[in-house]
Every structure is written in C-alpha cells, then in structure tokens.
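J.: As you go down the protein sequences, you meet chains A and B in turn.
Position in the first sequence counted from 1, then plus 589, gives you the working numbering.
Position in the second sequence counted from 1, then plus 5, gives you the working numbering.
Take the hints with a grain of salt, since some may be wrong.
Pair ranges (Cβ atoms, derived) [what the hints assert, rightly or not]:
# : chain 1 : residue 1 : chain 2 : residue 2 : range
1 : A       : Ile641    : B       : Gly92     : 54 to 64 angstroms
2 : B       : His228    : A       : Asp763    : 45 to 55 angstroms
3 : B       : Met300    : A       : Lys638    : 55 to 65 angstroms
4 : A       : Thr771    : B       : Ser171    : 49 to 59 angstroms
5 : B       : His228    : A       : Lys747    : 52 to 62 angstroms
6 : A       : Glu673    : B       : Gly83     : 47 to 57 angstroms
Heads up, simulated PhoX-like pairs for lysine-lysine below, C-alpha to C-alpha not over 25 angstroms straight-line [to be verified]:
#  : chain 1 : residue 1 : chain 2 : residue 2
7  : A       : Lys768    : B       : Lys276
8  : B       : Lys28     : A       : Lys748
9  : A       : Lys768    : B       : Lys298
10 : A       : Lys722    : B       : Lys243
11 : B       : Lys276    : A       : Lys692
12 : B       : Lys57     : B       : Lys38
13 : A       : Lys755    : B       : Lys144
14 : A       : Lys692    : A       : Lys623
15 : A       : Lys598    : A       : Lys623
16 : A       : Lys755    : B       : Lys225
17 : A       : Lys731    : B       : Lys243
18 : A       : Lys747    : B       : Lys144
19 : B       : Lys225    : A       : Lys692
20 : B       : Lys237    : B       : Lys308
21 : A       : Lys692    : B       : Lys237
22 : A       : Lys692    : B       : Lys308
23 : A       : Lys747    : B       : Lys237
24 : A       : Lys768    : B       : Lys28
25 : B       : Lys28     : A       : Lys755
26 : B       : Lys308    : A       : Lys748
27 : A       : Lys768    : A       : Lys747
28 : B       : Lys298    : A       : Lys755
Derived from the structure by calculation, the hints contain no laboratory data.
Computed from a prediction, not measured in an experiment: that's the story for all the values here.
For each residue, glycine too, the CB sits at the ideal point set by N, CA and C.
Now for the letters of each chain:
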Amino acid sequence: MSEVKKIEKGTVILLILKRNLTWDKYILTIENNKLVAGEPKIPSENDFKDAILALLIIPHTIKKEEGFEKLVESAGLDVESLPEDVKRLVQLIPGIELFIPDKDLLEANVGETVIPPEEIMDEVVNMVETMIKELGLEGQVKVANHELYVIVSKRVPKKVLQQLEKVLETRVGDLFRVKVTTG
Amino acid sequence: MITVILFFGKKKKKEEIVVGVDKDNVFGTMSPKGGVGKTSITVEVAFIIAQKDYRVGLVDWDLWSPRLTSRLLGSSEGPGLLELLLGEAEPEDVIKEVSFTTSEGKVVRVHLVPASDKDALVRGEVKRLARELEEHYDKIRERAVALINYLASTHDIVFNDYPVPSGPAPAPFHRVAASATHWLNIVIDAVPTTAEYAARYVEMFYPSLPVYMVFVNMIKPVHYEYRAAVAKAPELCKKFAAKYVVFVPFDGKLYDVKVSGAAPPASVNYKPTESAALKVLRDAAMRLIRRDKPMGCVALHLKVL
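Kindly produce the complete structure, drawing on both the sequences and the hints.
T.: See below:
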C-alpha cells in the first residue's frame, strides 16, 4: 500500500457494543492524516475493555492519490490506509480478525513452482476411477509407462466408449496416452 | 389359451457422457460456495485480457443470482441466456457490449450475455426453464452449445460464469452448462474443506471436463498464511489434475465496488503494479489467453521467502 493512498481527511464512525448490550458511538475526525477529534471523545483502551463487538464505518472519506483527492464511498476497510492512531484503535476491536498485510509480500514479483507430472500421476489414476464411477460405468484403470488403460464392461455401447476416450484424452491426455478397451 | 406376460421394470437410464465444446478458448468458472470471489476473478481476468485488445465474451449462467450481470450492467433489460435457452432469442439478440474507461483514457470493451431480462425471475420464467429441461433437455443443450460455438468463433476467449452447485439450479442445468465449455476453472478460498467440496462437486456435475486453473482466492497477505497456502499446490494439482494453481492474495481493491449498479473492475481502475492480486491475475490471464499446456502442473504465486 503506497503512501499516496492514505486517508487524508474525513469522518469515521466507531460503534462499540458493550456487555450490557448498549452501543457506544464515537465520531472520529481525521485531518491531515491524523485523528484530531472524537465526539464525544477519542476512545481509549479502557473504552474497549468490556466490549463484545465493535464496528468501524467509513462513510465518506477523502483519500489522496497521486495528488488528487478521491471520495471513498465503499465500506471496504483497508487498515493500512488509516492513520496510525486509528489503526491502533482498530486492532483493539474484539471478535474481528484484522491484519496488516506484509508489505514486502505485496511488492514481491510473481513466481512459479513446477510440480512434475510424476508427482501427480498416482492421484490422477484415483481421479479417473472416481470419474468413471460417476459416469455410471464399471471398469478398471491401469497405468504402465505413461499409458493409461481403461477397461470397461463389454455391454457399454461403442458411442459411449468413444465419448469416454475423448473425455479422458481432453482431461488427462497431457499426462498419459489414453487407451479405452472393453473386457 | 393365450397367456400375456407383461414385463414391468425401471426405465433404463440413458447413458450420457457430457462432452464439452471442441474449441479450446471457452472456460467455465465454478466455485463450490458463494462469496469466494468467483465472479470477481472472472471479471478481472476478462478485463485484463480485454485491455490487451483481445475480444472477450462473458456469459452469466447464474439465472438465480446473476452477479455478473448486475456487476457489469446494473440491471439488464431484454433477452439474455434464459430467453435463448427457452428458444425465444437468437445468439445475436442476447450479446451486449460493456465498456469502461481506464484512468489513461483507454476504452476497454467486452461482450456480455446477461442471465436474463430483469423481470424474468418474478415472471416465473426460470421455473419454466426447469420444467422445459425435463421435457426438452436435448433441444436446450443444443441452443446453449450453439451460443457458445458462436461466441467462441467470434471472440478470442469466452468465460462462462456458473451458478454454485449448492444453489437452486437443477442438475440438468449443470449438465447443459458443462456441455457448453471446453475447460473448467475453479475458484476456492484457502479453507481446506472448500477444496474438498469443490472436488466433490466437480465429480458430480463436471466429471468429464478438464480443469485448467484452480484459483485459491482471498489468502491473507501475511507471510505465514500465504506460504502455507502455496505449500498446498501439489495437493491441489493432484486433486483436480489442473494445469495451473493460482494463489491470489486478498486485496480490498477487487471488492471496492458499489452494492448495486454497474461498477468498473479493479483492473480498469488500477495498474497491476498497484495491486498484488492483479499482479498474480495478470500472469494467470496471459496463460489463459495463450492456453499454455505445461508439463505437469504450475503454481503461480507471489515470491515468498
């Protein structure tokens, strides 16, 4: 999250549900990236002590992006965009799991990890067995030297057999040479 | 004496194996449950590709909860997929152009087949389709395949956005949807049971479709969580025999949209360098448009330490 996207000014509403099921409401004012005022006050750690739930609402807030002010209407909460002192308060909200993204992870490039076919094959055989069962067919699946043999009942019509071969070819053809026979 | 012997028995189940469309530029996206970002991922990937001047088609198959239509059009008037499946509209009648302008002033266009006319659900048309599927399944499937073949031949890539299998869509509808794609893409979150549900639903509804990409979405962008998710790549590759597994970190920008009405995708509003999720999705989108077929399975992810 870059510096230019910090919330510059606006109003944030904080609702705290206390154990006696009453809500405490705070209207927090942000100016120049800082929490400057709270109505009736800026809540302290003490105010969260007997809270069972809290909600933070950002109704109309100005974000500054590359020099331009932008009105944020979404309720989506990007913790990183909040001023430090509001962020600290947010961390005190009970029952809500908040996180601050790892900056270096977000800035990392995209990489790839290749999982070789040999590591996948055994499980794919199980998958093909389940798939044949789901299609309402009975049969056996065998693998030998990158060849996948599927032996199905002789009673299966030729058209279905051809469809099965086509389907297996599309689904696992990159891993195996597929051979469907009757037996 | 004449003896008449009558045989009563269960009607033999028609043997049918769903075979997808031949053209390999058609992708269907499914997720086992709502809220994992299926439509958001589909929209972002589609618009990343469209920004490279490819012709992109999108079809909203979720007649029961048309999120793709409302996301891109707000509400839709006139015929959509439903009316086409009922035989009341032709492919040319249901395709709508959607365009958004990037911050650099570039107009990005895609073609969308909305789920239906906005009042179709209220008028009971969706229920009518369910009844029609019982009687005229083959005809409806033929219409669906004709639409997709038309889109596949006039566009570089086509994305079908499917309803969740746990929703109200009847089983024959899922079979029709499965006939109208070549590849299946799956969107899940990092919760292990979601992958299990997805595998089960693939076996039930899409057993014959090849899986191209599995998107693991909404991963908390903190090192230990992201690393743990990426470590599951071999398991997911095996489970779905997928070509790619893509690990998308949670990014509020993808969901920073208005509750109702059309909203531009994050990929139109932000550059991939401004969003970690878009960075990963851009890589995935390029593999989709090229239809790369790696040996084995490839995990695409942010480089973790």
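J.: Are any of the numbered hints broken by this structure? If so, which, sorted upward?
T.: 2, 4, 7, 12, 16, 23 and 26
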